[in-house]
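A.B. asks: Sequence:
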Amino acid sequence: MVAPAKLCLICKGSRHLCGLKFCPLLAKINVAPKIKKKVTKEFFGPSPSIFVGRIGYPDVNIGPLGVIDNVDIADEPKKWFGMGYSKIIEMRSLVLRSKRRENVTSRSKFIETMQEIVMSTTPVDVELKFKKKPVYVVSFSDTTQPMGPVAPIKRLKLAGNPKIPLIVEKVAGDEIAASKACAYLYSKNVDVYKIATIFSSGALGLKENKKLVPTRYSITAIDDIIAKELLKRVRMYRQIDKYMVYESEYLSNHFVILLIPGHWEFENFEAWAPGSFWSQNLKSTEILVEYEPFKGRSKYAELEGGGYYASRLGVVEALHRMRRQARVVVFREVYEGYMIPLGVWVVRETVRNAFKNKPMVFETQEEALKYIGKRNRIPLTEYIKRSRILKQKRIEWFIH
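Start counting the sequence shown at -12; every next residue gets the next number (the working numbering).
No lab work stands behind these hints: they were computed from the structure.
Treat the hints with care, since some could be wrong.
As the list claims (entries may be wrong) - Below, simulated BS3-like cross-link-like pairs (lysine-lysine); rule was C-alpha separation at most 30 Å, straight line: (1) K378 x K219; (2) K86 x K120; (3) K361 x K343; (4) K65 x K219; (5) K215 x K372.
Said to hold, decoys possible - Label-pair restraints from in silico Cβ distances: (6) K25 x S271: 43 to 51 Å; (7) Y224 x K25: 48 to 56 Å; (8) K198 x I274: 35 to 43 Å; (9) A164 x Y44: 17 to 25 Å.
Glycine is no exception: its CB is placed at the ideal position from the N, C-alpha and C atoms.
Given the sequences, and given the hints that come with them, work out the whole structure.
C.D. replies: What follows is the structure, given as structure tokens:
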């Protein structure tokens, strides 16, 4: 979770040898006293969402999240872009995760309460009593956001009234497939993060099929469902007529996105530098790639997992806004500074941010690729030889 042990021993949090501007170990220590003073065997406060675990499936842990310090955006990743590591970790360390064991097909009153919490437009105040004092941990994941203390639930009571929009209530009560319900909510401007938590709670779908979905799976499922729905329209739009390059960097994740005239295709590169979280033991950069043709893909993107679907959603949303289609190549370079995984929201929001910036526009693919070659650390030849979209015959352009 942190830099290699030798670096930590030499650095001791003062020299930033790992490349970060803060020490993640010290950040955890600094947050711990704040939490320990505030966590007891009881909690009263706002619950913005729930968390559904995956271990032990089909019997999983589920419970409301509680915000120990009333931070309005503690569960709104779309508003986190631009925040530093330490701010995000501190904020999410103050989000308490309660848990109770339930079967994914459960229709208990407890599950109904979870669904009311996630369908509400504003955080619902809850009263929680725990079987024991919450254990202080900060958990990190490649898919989900960081979370703080965890405790088993003894008793739960809603202390406020959930404010559930009519469209959400209607969709939850209708006999329609979960995927169609999610697409409908998105069309009504319900945020993807909100849709993912509602989907995770088992509130959507045909009555006989309703069940809890572990949070990490629901996030990727919604990215996939929404992108596929938008692609039905994107594939019918006119093609772009220029080569466009978009760019954004956040938390040592550098994205360059190339749009090429043509029918929809998508290729997503992930290049992990030695020393980043998932590549601490590598001696050289590891490049992963996933691809989908015009008609889409049927197999899960095993190599890149949730990052692939988060990236694709950001791209498809942008094309839908443009009312255009294109062949797309995403270059994601993950540098040494990405020492702690914060979830795929980092990918989703960085790609979204790239499309908020004015693109570089080129007349030819050669010009666009030469520009990209100057913006990326990894030699472009390394990408081209792995690519299905970029033409192999053009590799000689970039050999110097």
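A.B. asks: Now tell me, hint by hint, if it's right for this structure.
C.D. replies: Cross-check of the supplied hints:
| no. | hint | verdict |
| --- | --- | --- |
| 1 | K378 x K219 | holds (27 Å) |
| 2 | K86 x K120 | holds (13 Å) |
| 3 | K361 x K343 | holds (21 Å) |
| 4 | K65 x K219 | holds (25 Å) |
| 5 | K215 x K372 | holds (28 Å) |
| 6 | K25 x S271: 43 to 51 Å | holds (45 Å) |
| 7 | Y224 x K25: 48 to 56 Å | holds (51 Å) |
| 8 | K198 x I274: 35 to 43 Å | holds (38 Å) |
| 9 | A164 x Y44: 17 to 25 Å | holds (22 Å) |
Every hint, counting from the list given before, is met by this structure.
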